[in-house]
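Turn these sequences into a full structure, and let the hints steer you where they fit.
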Amino acid sequence: MKMYVQQKVFRLADEFIVYGEDQQPLYYVYGKLFSFGTQLSICDTNNQEVGSIKQELFSFLSRYYFYIDNVKKGEIVRRFNVFYPSYRIEGLDWECEGDFWAHNYSINSDIGTIATIEKEWLSWGDFYTIDVNDEKNVLIVLMICLTIDACLQARND
Numbered sequence: 012m013k014m015y016v017q018q019k020v021f022r023l024a025d026e027f028i029v030y031g032e033d034q035q036p037l038y039y040v041y042g043k044l045f046s047f048g049t050q051l052s053i054c055d056t057n058n059q060e061v062g063s064i065k066q067e068l069f070s071f072l073s074r075y076y077f078y079i080d081n082v083k084k085g086e087i088v089r090r091f092n093v094f095y096p097s098y099r100i101e102g103l104d105w106e107c108e109g110d111f112w113a114h115n116y117s118i119n120s121d122i123g124t125i126a127t128i129e130k131e132w133l134s135w136g137d138f139y140t141i142d143v144n145d146e147k148n149v150l151i152v153l154m155i156c157l158t159i160d161a162c163l164q165a166r167n168d
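For reference, each letter of the sequence shown is one residue, going 12 to 168 in the numbering used here.
Any given hint might turn out to be false.
[Unchecked claim] Derived SDA-like pairs: lysine to any residue, alpha-carbon spacing no greater than 25 Å straight-line: (1) Lys147 - Trp132; (2) Lys43 - Phe69; (3) Lys43 - Met12; (4) Lys147 - Thr124; (5) Lys147 - Phe69.
These aren't lab readings, by the way, just hints derived from the structure by calculation.
As structure tokens, then:
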């Protein structure tokens, strides 16, 4: 299944719309404006929260927790590496590999590729194409993509 994530521009807080292959909205993502650390809410088309991402502030390496229906499903941890960023998804035993600075990477497990993420460069605001191999992983993969975007944005600020 393919998803398309488009960042809304000229907003004080992060805001994204996630579209399906049929170009219809699947999710809306809202960032909290006045918060310590990154906090994102993922809402369905009825504007009901289905997932959230929260950054742990007091951690040596970047650490983000993700929740589905208010139940912690795992955490994304930036590994220490001088030359390039590397991320692991604890709780799912997944790894992220690829060129994060170019926003072209994949999410993998022991059994194979879970998803691939590519950034479109000639777009107004950030625009990602996410190809997920199993529909049951759509929301988690979306949260991983948003978290890595937040990590890279924080390093650039």
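Here is what the structure says about each hint:
1. Lys147 - Trp132: violated, 28 Å
2. Lys43 - Phe69: Holds, at roughly 19 Å.
3. Lys43 - Met12: violated, 29 Å
4. Lys147 - Thr124: With Cα atoms ~14 Å apart, Lys147 and Thr124 stay inside 25 Å; holds.
5. Lys147 - Phe69: violated, 32 Å
In this structure, the earlier hints numbered 1, 3, 5 are contradicted, and the remaining ones agree with it.
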